[in-house]
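Top line first, the protein sequences correspond to chains A and B.
Counted from 1, the first sequence has number 256 at position 256 by the working numbering; the numbering is strictly sequential.
Counted from 1, the second sequence has number 220 at position 220 by the working numbering; the numbering is strictly sequential.
Since the hints were made in silico from the structure, they are not lab data.
Glycine included, C-beta positions come from ideal geometry on N, C-alpha and C.
Treat the hints with care, since some could be wrong.
Stretch-level coverage of chain B by chain A, calculated; a stretch enters the list once three of its residues show a Cβ under 8 Å from a Cβ in chain A [as the list claims (entries may be wrong)]:
id, region
1, 253–263
2, 360–372
3, 439–447
Reference excerpt, derived from the structure (chain A facing chain B, CB under 8 Å, subset only) [said to hold, decoys possible]:
id, residue
4, A33
5, L207
6, I209
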Amino acid sequence: MARAVFLLALVVLLIASARSFLPEETSLVGSGAALAFGFVLLAAMQMGTIVSAVRLPKLTGYLVLGFLAGPSVFNFVSERMVSDLKLVNNVAIGLIALSAGTELNLKRLRPRLRAVMAVGGVSVPAAIVIVAAVIFALPYVPVMRPYIGFLLGMSNGERAAVSLVMAVVVACLSPMVVIALINETASAGPFSETALGVVVLADLAILFIFSGANALASSVFGIGQGSANITDLLIHIFGSVGVGAVVGVIFVVYMKRINRRVALFAFAVCFVAAEAATRLHLSPLLMCLTTGLLIENLSDVEGDKLIRDMEPARVPVFAVFFAVAGAGLHWKEFRDLIPLVVLLAAVRAAALYVGCRLGMVVGNVEKEQRPFLPSILVSQSGVAIGLAILVKKQFPTWGDPVSTCLLGVVMINEMVGPILLRNALVRSGEAGQRAVVPPSSGH
Amino acid sequence: MLRPYNLGASVLAIALALWGGVAAAEPGHGQVPVPILTGASAQTGLLRVVLGLALAFVLAVLAAHPAVRRLEKRLGLTVIVSSGLPFLALGVLFRNPSVGILTDEVVTDLRPALEFGFGWLGFVVGMHFDVRELDRLPDRTSSVVFAESALPFLTVAVVTAVTLLALDPTWMLSEVNGWGDAARVFARVSLRDALALGACAAPAAPVAAAAISRGAGGTAAWLVQRITTLNDVAGVFVMALICAYYRPADDVSAWHLPHIAWLFVTLGLGGVFGILTYVLVRGAESEAQEMALLLGSTAISAGMSGYLGVSPLVTCAIAGALLTNLPYKGMARLRQTMVQVERPLYLIFLLVAGALWDPTAWQGWLLVPVFVFARVSGKVIGAHIGKITGPAGLPDPATLGLALSPQSPISIATIVAYVTLYRGATTAPVLSWLMTTCIGGAVLTEVVVQVVARLRGGLTLEREPAAGSIYPAPPHEMDSLTPPPPDVHGGDG
Numbered sequence: 001m002a003r004a005v006f007l008l009a010l011v012v013l014l015i016a017s018a019r020s021f022l023p024e025e026t027s028l029v030g031s032g033a034a035l036a037f038g039f040v041l042l043a044a045m046q047m048g049t050i051v052s053a054v055r056l057p058k059l060t061g062y063l064v065l066g067f068l069a070g071p072s073v074f075n076f077v078s079e080r081m082v083s084d085l086k087l088v089n090n091v092a093i094g095l096i097a098l099s100a101g102t103e104l105n106l107k108r109l110r111p112r113l114r115a116v117m118a119v120g121g122v123s124v125p126a127a128i129v130i131v132a133a134v135i136f137a138l139p140y141v142p143v144m145r146p147y148i149g150f151l152l153g154m155s156n157g158e159r160a161a162v163s164l165v166m167a168v169v170v171a172c173l174s175p176m177v178v179i180a181l182i183n184e185t186a187s188a189g190p191f192s193e194t195a196l197g198v199v200v201l202a203d204l205a206i207l208f209i210f211s212g213a214n215a216l217a218s219s220v221f222g223i224g225q226g227s228a229n230i231t232d233l234l235i236h237i238f239g240s241v242g243v244g245a246v247v248g249v250i251f252v253v254y255m256k257r258i259n260r261r262v263a264l265f266a267f268a269v270c271f272v273a274a275e276a277a278t279r280l281h282l283s284p285l286l287m288c289l290t291t292g293l294l295i296e297n298l299s300d301v302e303g304d305k306l307i308r309d310m311e312p313a314r315v316p317v318f319a320v321f322f323a324v325a326g327a328g329l330h331w332k333e334f335r336d337l338i339p340l341v342v343l344l345a346a347v348r349a350a351a352l353y354v355g356c357r358l359g360m361v362v363g364n365v366e367k368e369q370r371p372f373l374p375s376i377l378v379s380q381s382g383v384a385i386g387l388a389i390l391v392k393k394q395f396p397t398w399g400d401p402v403s404t405c406l407l408g409v410v411m412i413n414e415m416v417g418p419i420l421l422r423n424a425l426v427r428s429g430e431a432g433q434r435a436v437v438p439p440s441s442g443h
Numbered sequence: 001m002l003r004p005y006n007l008g009a010s011v012l013a014i015a016l017a018l019w020g021g022v023a024a025a026e027p028g029h030g031q032v033p034v035p036i037l038t039g040a041s042a043q044t045g046l047l048r049v050v051l052g053l054a055l056a057f058v059l060a061v062l063a064a065h066p067a068v069r070r071l072e073k074r075l076g077l078t079v080i081v082s083s084g085l086p087f088l089a090l091g092v093l094f095r096n097p098s099v100g101i102l103t104d105e106v107v108t109d110l111r112p113a114l115e116f117g118f119g120w121l122g123f124v125v126g127m128h129f130d131v132r133e134l135d136r137l138p139d140r141t142s143s144v145v146f147a148e149s150a151l152p153f154l155t156v157a158v159v160t161a162v163t164l165l166a167l168d169p170t171w172m173l174s175e176v177n178g179w180g181d182a183a184r185v186f187a188r189v190s191l192r193d194a195l196a197l198g199a200c201a202a203p204a205a206p207v208a209a210a211a212i213s214r215g216a217g218g219t220a221a222w223l224v225q226r227i228t229t230l231n232d233v234a235g236v237f238v239m240a241l242i243c244a245y246y247r248p249a250d251d252v253s254a255w256h257l258p259h260i261a262w263l264f265v266t267l268g269l270g271g272v273f274g275i276l277t278y279v280l281v282r283g284a285e286s287e288a289q290e291m292a293l294l295l296g297s298t299a300i301s302a303g304m305s306g307y308l309g310v311s312p313l314v315t316c317a318i319a320g321a322l323l324t325n326l327p328y329k330g331m332a333r334l335r336q337t338m339v340q341v342e343r344p345l346y347l348i349f350l351l352v353a354g355a356l357w358d359p360t361a362w363q364g365w366l367l368v369p370v371f372v373f374a375r376v377s378g379k380v381i382g383a384h385i386g387k388i389t390g391p392a393g394l395p396d397p398a399t400l401g402l403a404l405s406p407q408s409p410i411s412i413a414t415i416v417a418y419v420t421l422y423r424g425a426t427t428a429p430v431l432s433w434l435m436t437t438c439i440g441g442a443v444l445t446e447v448v449v450q451v452v453a454r455l456r457g458g459l460t461l462e463r464e465p466a467a468g469s470i471y472p473a474p475p476h477e478m479d480s481l482t483p484p485p486p487d488v489h490g491g492d493g
């Protein structure tokens with residue numbers, strides 16, 4: 001740990017001195033991106049080591065480092081640098097989704113499918129309904145009125161639509177955090193598989209629900225045509241799944257016919273898929289998830305081999321991805337809405353907890369898993385952030401404060417969720433249970 | 001075949017480079033107040049850029065396949081001629097407005113990727129500077145290294161300075177009024193360009209060693225290989241001087257230091273980066289983590305150097321030299337990892353060189369024979385001096401001079417580094433000439449050397465190393481950093 005602290009101090013010193021070279025308002029093309037990438041990667045990894053020494057997830061260290069180094073606090077990594085680094089996000093999402101897909105073996109999951117469906121199927125709707133009801137009722141609570149200016153003066157229908165949209169985004173889970181922590185703790189077992197199944201399927205369902213809520217709100221506020229929005233979102237979802245399936249077929253053919261430099265191929269696929277998806281308004285997450293699912297479940301190609309080959313790429317990608325997510329959290333905007341944000345985060349947690357307990361009973365979840373399963377639902381990250389930004393773009397009249405509020409909720413859950421999940425993985429006894437398989441050779 | 005770990009290195013380094021380029025190619029980037037680095041990016045058709053660059057990077061990895069290297073060895077060609085020319089052509093094609101992949105904006109925005117590549121190459125160059133290996137060199141080898149570095153540098157710098165003096169359009173400027181102004185303009189631009197070409201003249205391709213191993217025996221080959229690797233250092237040293245004395249971003253920076261201080265800053269940065277990398281990789285818990293840390297330290301070293309307007313090639317070479325001389329049991333693996341990505345990076349630099357290149361400017365082509373003549377002359381004179389002052393066991397001066405003539409790919413990286421560092425509206429035409437000179441010079445040198453060698457029969461590639469040769473130095477080891485045999489003091493006589 002002393003080494004990590006020393007190294008963290010050294011890289012901080014380096015970037016602080018480098019940033020003093022140019023006046024605040026000046027930036028250089030390119031160099032800033034390379035400098036920020038190097039700093040974020042090294043500093044996040046050291047921070048990960050430091051926090052893991054105090055039994056916190058490395059991921060929390062990455063997030064905290066990003067937040068502290070980002071524009072909100074020390075500004076070592078400027079807004080422009082964060083923007084440059086965001087391209088790593090798409091690749092990271094592609095990689096994470098590909099890993100998730102290849103780890104979701106539906107045949108293995110079948111015995112737990114009922115539990116997965118029940119937990120996800122009860123807790124997410126419960127969270128949406130309860131959070132929406134609370135938001136809808138907020139104007140009647142005088143103490144909250146200063147924080148909900150965007151809701152005041154709306155008709156009941158409009159307020160209901162806004163509440164629904166917000167509640168759907170607030171209900172988002174985080175497959176990325178779950179996968180990253182399962183990898184970090186080398187966990188394996190029924191709890192890990194159930195957790196993965198729940199968050200992946202629930203987030204998929206949330207995307208569909210959001211498309212409906214978005215269309216409803218658009219028609220209520222007279223923005224575009226509701227049906228057109230629904231069509232766009234259906235194209236977004238099914239288009240992503242379709243393109244992902246095609247990529248999966250190409251992947252399988254490549255691995256069967258050529259089977260050389262698979263990691264390079266996978267990385268290139270994730271990169272191109274991420275960029276192409278963004279340009280074509282598709283979801284890199286859904287695309288790569290479908291690709292991974294297809295590889296694991298519909299082909300005789302070993303998904304495990306792919307995961308092993310990708311291992312060297314995952315460490316830096318995860319570190320940078322979560323550090324950039326931390327850097328993207330805006331303290332100043334969050335500060336003005338703290339009471340509302342904390343309230344929503346608390347209501348969300350309570351609703352998910354209640355929904356999860358109910359779902360566990362309905363799905364007849366094994367007793368051994370019951371104490372830990374609610375912890376998987378707390379984290380939020382990529383999808384929630386993406387949807388919050390979409391809300392801001394889609395609804396200019398009220399989207400801005402709503403988006404800030406939603407990002408604030410994400411910020412809290414991003415910090416708290418990984419700690420709870422790591423704790424659950426360790427206490428469930430599944431941490432460290434994954435067999436250590438050396439990377440395959442000679443491909 | 002690549003080991004997975006090293007494959008991971010390739011994947012990460014290339015992907016990072018790809019990311020860097022595309023990150024900066026996002027519309028809206030590139031709006032900076034630094035005059036020499038400006039270039040506001042318009043909508044550049046990001047998807048096309050992504051796909052085009054992805055294709056180029058995949059091709060670069062394929063062109064680094066061992067089969068291509070074996071073919072090169074058999075034909076005695078450098079990477080520039082064997083697989084580099086297609087990349088150069090691809091760069092020219094990508095630049096074409098109808099293709100529009102490597103437009104001016106995209107090349108400007110490619111800076112983070114290029115910087116990372118320069119940093120990586122810098123580490124590779126520096127890692128050749130292993131003091132323990134240098135100690136094993138025969139006495140007086142340094143005089144050959146010095147002669148083979150300094151003379152080509154001087155001959156090229158002087159001859160091209162004079163030629164640039166005649167060709168440079170700067171002289172048409174109205175501000176040039178009298179000898180005082182003329183001297184100032186010459187010192188400001190033409191001398192800098194000539195020094196940069198001089199820096200490209202010193203490095204020699206390692207193919208020379210393979211050729212000599214067949215023509216003159218293993219000992220000579222081993223010595224020549226060491227000389228070529230040390231020649232690279234001369235180019236880096238000159239780049240350090242150029243960057244310190246011709247500051248690219250002084251007008252907007254908050255630091256106002258004298259030129260000599262920048263030289264010390266460069267040296268200090270290299271030292272800090274070397275120590276940082278060392279402490280980082282020593283504490284790595286797994287190979288994957290070591291890889292990530294290596295990437296991070298290369299990125300921060302290259303990025304910070306670029307941010308400060310110092311050449312990443314130079315600072316990272318210093319860092320690499322320091323790193324390789326510190327005790328670390330995984331150093332051999334680290335070197336192998338770094339060297340493995342070297343070739344794809346060279347090919348990418350050739351691609352960028354193609355995009356920066358304006359082959360229609362006749363001045364560049366005029367400079368090519370001047371450059372080649374000056375450089376080969378410098379190498380041959382250096383070989384004669386080296387034969388007199390150097391250790392026993394060297395091949396005859398004509399063979400040595402010819403063998404050290406093919407240009408190292410590091411010279412292409414050097415000129416691309418130079419051009420990207422000083423790229424600006426007023427100097428663009430001259431920088432393009434330099435590109436033509438360096439690229440054309442590499443090809444012409446190769447042709448000249450092949451023709452002369454075949455005519456002389458001295459560097460023919462048919463003969464295998466003599467049976468029972470003390471230092472067989474098989475060709476596949478020549479490009480690597482395989483440690484030399486332990487008992488080579490005084491050569492083989």
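Going through the hints against the structure:
Under the rule that three or more residues need a Cβ within less than 8 Å of chain A, the assignment of the region 253–263 of chain B holds, with 3 such residues. Chain A is given as covering the region 360–372 of chain B, and this is violated because 0 residues of the stretch bring a CB closer than 8 Å to a CB of that chain, at least three being needed. Beta-carbon proximity to chain A at under 8 Å applies to 0 residues in the region 439–447 of chain B; the threshold of 3 is not reached and the given coverage is violated. Interface hint status for A33(A): upheld, as the beta-carbon distance to the closest one in chain B is roughly 4 Å, under 8 Å.
At its closest, the beta carbon of L207(A) sits 23 Å from a beta carbon of chain B; the interface hint therefore is violated under the 8 Å criterion. Taking 8 Å as the C-beta contact cut-off toward chain B, the hint placing I209(A) at the interface is violated, the least distance being around 30 Å.
Violated hints for the displayed structure, listed by number in ascending order: 2, 3, 5 and 6.
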